[in-house]
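Asker: Line by line, the protein sequences give chains Y and D. FYI, the numbering for the first sequence is 3 to 355, going by this note's numbering. FYI, the numbering for the second sequence is 53 to 343, going by this note's numbering.
Check before you lean on any hint, since a few could be wrong.
No more than 27 Å apart at the CA atoms, straight line, and that leaves these computed lysine-lysine pairs for DSSO-like [what the hints assert, rightly or not]:
no., chain 1, residue 1, chain 2, residue 2
1, Y, 35, D, 338
2, Y, 35, D, 339
3, D, 338, Y, 38
4, Y, 293, D, 235
5, Y, 244, Y, 193
6, Y, 192, Y, 244
7, D, 337, Y, 38
8, D, 170, D, 112
9, D, 112, Y, 35
10, Y, 293, D, 337
11, D, 235, D, 339
12, Y, 38, D, 339
To be clear, the hints were calculated from the coordinates, so they are not data collected in a lab.
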Amino acid sequence: MSGHDNLPVQVEEPIDNPGLPEHHWRPTDVDPKAEKRAERQVAALFGLSAVCAVLFVVAYFALEVGDNHDTVLGMGASNVALGASLGGALLLIGVGIIQWARKLMADVELTEQRHPAASSDEDRALTVAALQAGLEESGIARRPLVRNSLLGAVAILGAPAVVLLRDLGPTNAQVSDAETGAGLEHTVWKKGMRVVRDVVGTPIRPSDVEIGDLFNAEPAAIFETDENGQPLIEGVPLQVAKSKAAVVLIRMDPADNTPARGRENWSVDGILCYSKICTHVGCPISLNERKTHHLLCPCHQSTFDLADAGRVIFGPAARALPQLPIAVDSEGYIVAQSDFTEPVGPSFWERDS
Amino acid sequence: MRFLNRSAGRLSRHRRSRLAGLALLLIGLLTTGGITYAVMPSSQAEDAQSNAVQVEEGRKLFLQGCSFCHGQNGEGIATVNGDNYGPSLVGVGAAAVHFQVETGRMPLAQPGVQGQVKPRTFSDEEVEQLAAFVASLGPGPARPNPEEYSVAGLTEEEREAAISRGGQIFLTNCTACHNFNGKGGAMPQGGFAPNLSDTEAVHIYEAMLTGPGQMDSFSNGNLSPEEKRDVIAYLYSLREQPSYGGFTLGGLGPVSEGMFAWLIGIGGLVGFAVWIAAHTTRTTKKKKVEA
């Protein structure tokens, strides 16, 4: 304990310090055989770790991956072998070190008194004096012109940052275009566009839809091809178009439905078409309860009543589900009367409806 | 030539016999009657009769096992608050009966949010009779034929295309409730979308066709019979697929994975921490004082 000069002054204890109890040794401290055994255990753990590491390398090259992968117990053999061997290698090193510390490393009790946490009074006074001297010498309090011009310069540095960040992407107002369906207010739906089945892209007749049916549908535009059979829209624009324009089409008993004012002719014989994009944070929703016509969002349980103009009846969504007005074209297929009359999906700053 | 002429002459001698006409008439009558009987054992008249018997037998079973909730003529029984004890079965068709009764959902053991799968109550023959009775109440979807939902007749390439198309259709139409690999999920008001891992192909097809409980129906105008078959092919392909990534933990996604990480993972770490800090074995022996 020498070298610790600033120990607190020893006060007289109310009861005598009983000191440490008698030290009991571990078997490995007193029995050379046990010590040898523990040594071998630790070495064996480290050795096993090495074996696991080698197995990892072997499994990496030996086991087939990809379409025609090897299996073990109904699981991918490569994944199982790589995970088990690398996990084993790391774990066994840890277990070996702990075993080493517990059985073989020095086993004696140490006592060390706690130091006071605060610096000494002289140190504190010195530090405060140094800070004061710095303030005085810089003259920041005496020269308001320097101080204020510095504050002004730092504040104006925000302007380049604002300009740069603003140009990271186009604003909604710059891209918004009703013709192509770009921007947050528009989708690719337009007057006369057919409502088609998702995945297969076939148009739908009202007679195809039975009461109780739910169709996951898309606008015909995203399935259109040019004369060579190449899709007209693909890649990111396709994903954007799909993510805004996806709809569900359901048919209910017309007596069940109470259309909102002005939407009386938005349905065809009890067939209603709603956006599939939740108005909370934009998850696709198609979790429908047939008997109650409640459409439920799996993300945060927002629930919309499709028999009541998509009104929110539960959950965090703030706006009713946008409805797509539909009609039947001259060939008897279901088409949109127009684009959605309000932006689909979550709320945003510039939204005015 | 001479031989032929001679036998022809012998035949023509018999033809002139007095009984020849009668014999010919008898042979003719027996042959036509026999052929008609052999070719058309299930002629329409007989079919209609057996169907009437089936419906009658089905009606008896229905009165005994189903009418308490569904009404004596399957018209349903309404409660004062607008719900019903049992919905009307007019127009649900034979497919709905096969699905509900063969999976044991109907008859219900007790009223509840939705029917539960349990050992079935009625034999195959009785299900046929019940289905015939319910189908007679109003036009509805009939039971699908095996060739409608089986991919057995397809070539290897066609089957792979069917599985891939069925996967897309499943992920678009079914995943919201039944989970991305058909393991089912929770629904509002204590309901649930069942796990499809052990459901028979015919019952998956009938469920799509009829929309049991809260499920939407996927009529033939919605998903064509081929598309329904593809969905079933996809679900069956999932069953044979080894789980490449290791243990599936029920295939339920973040719920079971999180539970595993928190209980087994963190629990294991706590166990190690306890072991690291635990007292080692001590002995009463003294260390030999080194000389």
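Asker: Can you confirm whether the C-alpha distance between residue 192/Y and residue 244/Y stays at or below 27 Å?
Answerer: holds, 14 Å
Asker: CA of residue 293/Y to CA of residue 235/D, is that 27 Å or under?
Answerer: Holds. Residue 293/Y to residue 235/D sits at ~23 Å (cutoff 27 Å).
Asker: For residue 337/D and residue 38/Y, compute the direct alpha-carbon distance and say whether it is at most 27 Å.
Answerer: Cα-Cα ~17 Å, so holds.
Asker: For the pair supplied as a hint, residue 244/Y and residue 193/Y, confirm whether the alpha-carbon distance does not exceed 27 Å.
Answerer: holds, 17 Å
Asker: Given the hint that residue 170/D pairs with residue 112/D, test it: the Cα-Cα distance must not exceed 27 Å.
Answerer: Satisfied, since the Cα-Cα distance of roughly 23 Å is no more than 27 Å.
Asker: For a C-alpha distance cap of 27 Å, please report whether residue 38/Y and residue 339/D respect it.
Answerer: Answer holds: residue 38/Y to residue 339/D is near 16 Å, not above 27 Å.
Asker: Given the hinted pair residue 338/D and residue 38/Y, is their Cα-Cα distance within 27 Å?
Answerer: At roughly 18 Å apart (the allowed maximum being 27 Å), residue 38/Y and residue 338/D satisfy the hint.
Asker: Does residue 338/D sit within 27 Å of residue 35/Y, going by the straight-line distance between their CA atoms?
Answerer: Holds, at roughly 15 Å.
Asker: Are residue 235/D and residue 339/D close enough, with their CA atoms no more than 27 Å apart?
Answerer: violated, 63 Å
Asker: Is residue 35/Y close enough to residue 339/D, meaning Cα to Cα at most 27 Å?
Answerer: Holds, at about 14 Å.
Asker: Hinted pair, alpha-carbon criterion (27 Å max): residue 293/Y, residue 337/D. Please report holds or violated.
Answerer: violated, 79 Å
Asker: Does residue 112/D pair with residue 35/Y here, judged by a C-alpha cut-off of 27 Å?
Answerer: It is violated: about 86 Å lies between the C-alpha atoms, which goes past 27 Å.
The structure fails hints 9, 10, 11 (numbered hints given earlier, in ascending order).
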